[in-house]
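Generate the whole structure from the sequences, applying the supplied hints.
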Amino acid sequence: MIHQFDTVIIGSGLAGLRAAIEAAKYGSVAVLTKLFPTRSHSTSAQGGIGAALGNEEPDSPEWHLYDTVKGSDYLGDQDAIEIMCEDAIRTIVELEHLGVPFSRTTEGKIAQRRFGGHTRNFGEAPVRRACYSADRTGHAVLSALYEQCKPLGINFFSEFHVLDIVIENNKCHGVIALQIENGEIHVFNAKSTLVASGGYGKVFKTTSNAFASTGDCLSILFNAGLPLEDMEFFQFHPTGLYGLGILITEGVRGEGGVLINVQSERFMERYAPAIKDLAPRDMASRAIMTEIKEGRGIDGKDYVHLDLTRIPNQVLSERFPEITTFCKIYMGIDPSEKPIPVLPTAHYAMGGIPTDADGRVLNDEKAGVIKGLYAAGECACVSVHGANRLGCNSLLDTVVFGRRAGIAMAGENKNAERGNIHRDAIDNAASLIDLTIKRKGDQRIGDVRSELQTDMMDLCSVFRNEQGLKELVSKISIIEDKAEHITLKDKSKIFNTELLDAIEFGHLINLSKVIASSALQREESRGAHFRDDFPQRDDADWLKHTFAFKKERVVEFKHKPVKITKFQPEERKY
Amino acid sequence: MRYRLRAGSFAWMIQRISGVALTIYIFFHLYYLSSLRDPVKFELLRKLLDDPFVKFGEAGLLLLVIAHSFNGIRLILLDMGVPTRMQKTLFFIAALTGGIIFFIGSWPILGGIL
Amino acid sequence: MKTYNFKIKRFNPSEESSPQWQEFSVQMDPMERLLDGLIKIKDNSDGTLTFRRSCAHGICGSCAMKINGKNGLACQTLIKNMPERITIEPLAAYPVIKDLVVDMTQFFMKSEEVLPYLINAETPPERERLQSKDEQQKILESITCIMCGSCTSSCPTYWSDKEYLGPAALLKAYRFIFDSRDRAFDERLGRIIHAQGLWRCHSIYNCVEACPKEIDITGHITELKRLAVKNFFKRNK
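Protein chains in written order, with our numbering: chain L, 1 to 574; chain X, 1 to 114; chain C, 1 to 237.
One or more hints might be untrue.
Stated by the list, open to error - With a cut-off of at most 25 Å between alpha-carbon atoms, the simulated DMTMM-like pairs for lysine to aspartate or glutamate come out as follows:
1) K573/L x E159/L
2) K25/L x E84/C
3) K9/C x E159/L
4) K470/L x D481/L
5) K205/L x D29/C
6) K133/C x E56/L
7) K440/L x E15/C
8) K150/L x D29/C
9) K40/C x D442/L
10) K150/L x E187/C
11) K88/X x D216/C
12) K9/C x E181/L
13) K109/L x D182/C
14) K150/L x D103/C
15) K109/L x D29/C
16) K491/L x E16/C
17) K40/C x E181/L
18) K438/L x E15/C
19) K328/L x E84/C
20) K138/C x D79/X
21) K328/L x D103/C
22) K493/L x D103/C
23) K133/C x E159/L
The set of hints was computed from the structure by calculation and includes no laboratory data.
What follows is the structure, given as structure tokens:
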């Protein structure tokens, strides 16, 4: 079936829906999601969305800008960061007007809490900047945006799995997708296409990400010859529930929770004397892993404790009902009585599809763009997060740049023609399914997938080194071969989730290769990318973005300078 | 529909069954009442009431009335704002007090034959 | 590790004429989730087993199903709290697409009937609209709904009357009717006060027990009923 729209949006998380609301003011919009819109992973965001509202104490966008630049380990593009921080206040107010049920101060304003790396007066002390709705901020914002899409007549295509994004002669013509329910192939012909498909945390074994976070669209674009930017930077959130990876928001440390080791020592005091437990995530994760490596994990095991018993019970139950429930259900622990075992968990991809500040997808390191193709949200790399994202900046990123992409698409659509999607592109997509279903061999997805995820976790997580990364690259190559021999038992056209698993797994392998290769080529330590063999930041050689291109079975690299405007790189101390 | 039965849904079923049963009973009741103007029929019915089966029926009627009215009170209380977490407790209180009242009430009816 | 018996209702209506029960033995660690068990079956025994899942920690609402006769989320059910024999069925009252996957189109349509979005045509202030903590508290519970469908599927009234709005849609109506910032009170109330709306709820409390977010749904519906009655008398005074 062929559909014609002005704008097609892949992904119904915050970035996708915010863009949809904007684009719908000027033309027809279709939103594709492989889940149902409110099941998007944005709903899992807990702690908050950052903006210098100054509702609880003095704050300024300038401080927010400084913190984000410093948090990014100076790899973030400062012009883009400035756009985000300057637009933050307007964005939050707008969300509130759209109906987001934010938690409130006693005066009835939007309540704010402390978050990692957000400080007052250029690093002096933590500041209350994260606007929140208890510990369900993502859920609250996503619901409100989805609800507001309704009266605008936006067309939702739920449970549609994207097979291909069609690009010809440097112009995007739309999307080919599989209707999961009946196995039919649909073609979405559009003047402009937005990729807002989210992250790809499922490349790692322990992750806070959803099963759906497999980075399909990044992999599709990479295969089409487009670059992926800064893929070596993957954030590990310091506090995932031990063994499960389920996230405990940084907000709990903003409200007084602390990390402790086996000696009951508040060890973050040693790593970040000024802001202690509110150090940025890369530092906190490394600190935890260092404590464990040096034998100070709890009971000699590989975890530390997150102590929330210091938070008054009323604050805990009012502001963190969700995580209190998680801890009770999954760990059998009441966080008001006992500390929680935590370990860093793969959380957020700083890298992704390179875009300009209006979401236009770049086709090289020199700012050339693809016509009609946009990206926003976690899948995109503007880059505002650089080498390490600060907590509560990701939700802000999605709504600020989602909106900008929506406006830019509406503008481009005015003078654009819809191109044709040729028969052979559709046939290619159909044959991908046929081939996957008919493939014969002795491998099972589950086994090979967990092999990949374990290897990525062991060799490419918080600490990395040359030997390990080289080993990883060759292991991924073997896994790639094994994947050729995966057989499916489910041959049905109806809701074939085994087929989707297989397609997604192909994308995971692809992205793992890019992540590992990117990590191998960057011979320095910066933000979330830490190399044991190059433990120092090297601004002389590496203050630049990585652009990874596909070249047959290997990855090729080019680089792009970082935009530095207000803040020159200096040593990053907290 | 196979679904696990809980206090709330059990109470709801009892309310429906007792409601239907009492409605049917009411019609018979009215019919017989209207025939009581005739002395012969009156005497016949009076004798019928001594029949042990009818006595059991009468006790059953009491049970239906108690179940329906006590659960009805429970529902009204919940409608008036008694919190939901009390609904099970209210069900058990209604069942217990209803049971006691049924026991006291059915004694005079069944006492003679048991 | 302990062995559990998963008895699963399987059905692919487009290829089979009737549902069938299939049993699987699964080795489970006590701290694992029921969802982990289903994934093990899919990965190791039968790739055709079909179910929805995404976040795996009870916030996205994908994996609602009937577990041992009661609706709940597979990702929020710890295996150690389960008996050795576990019966798993798709959510009742929605058409089955395949195995544990049901067609929830009707369920979502119900919510749309109650205008599920904030309506306020007044010119907004330059900053946020103020809302007191008490006003926020009023809607706090209702905003935690994840639209998993457990409630409506557990409702005996809905089983017999598919035109009934159902608990989830009524809860959505509550969320906006009691939001101090909303201005569509009359219109929204009008959309729930009808034979297949508010008054169809018979206080059975199945929805409350089924809700994985522990929302007191019936309590919220009852409050709407009280509001409707008050409103009626106010209008007719």
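Outcome of the hint check:
1. K573/L x E159/L: violated (46 Å)
2. K25/L x E84/C: violated (55 Å)
3. K9/C x E159/L: holds (23 Å)
4. K470/L x D481/L: Distance ~17 Å between K470/L and D481/L Cα, so the pair holds.
5. K205/L x D29/C: At roughly 17 Å apart (the allowed maximum being 25 Å), D29/C and K205/L satisfy the hint.
6. K133/C x E56/L: Within the cut-off at roughly 15 Å; holds.
7. K440/L x E15/C: holds (23 Å)
8. K150/L x D29/C: Not satisfied, since the Cα-Cα distance of roughly 43 Å exceeds 25 Å.
9. K40/C x D442/L: Since the Cα atoms of K40/C and D442/L sit roughly 18 Å apart, the hinted pair holds (cutoff 25 Å).
10. K150/L x E187/C: Given pair K150/L, E187/C holds - Cα atoms ~16 Å apart, limit 25 Å.
11. K88/X x D216/C: Since the Cα atoms of K88/X and D216/C sit roughly 13 Å apart, the hinted pair holds (cutoff 25 Å).
12. K9/C x E181/L: At roughly 19 Å apart (the allowed maximum being 25 Å), E181/L and K9/C satisfy the hint.
13. K109/L x D182/C: holds (17 Å)
14. K150/L x D103/C: holds (20 Å)
15. K109/L x D29/C: violated (46 Å)
16. K491/L x E16/C: Measuring from Cα to Cα gives roughly 14 Å; hence the hint holds.
17. K40/C x E181/L: Holds - the C-alpha atoms of E181/L and K40/C are around 23 Å apart, at most 25 Å.
18. K438/L x E15/C: Holds - the C-alpha atoms of E15/C and K438/L are around 19 Å apart, at most 25 Å.
19. K328/L x E84/C: holds (22 Å)
20. K138/C x D79/X: holds (18 Å)
21. K328/L x D103/C: violated (32 Å)
22. K493/L x D103/C: The hint holds at about 16 Å.
23. K133/C x E159/L: Since the Cα atoms of K133/C and E159/L sit roughly 38 Å apart, the hinted pair is violated (cutoff 25 Å).
The structure fails hints 1, 2, 8, 15, 21, 23 (numbered hints given earlier, in ascending order).
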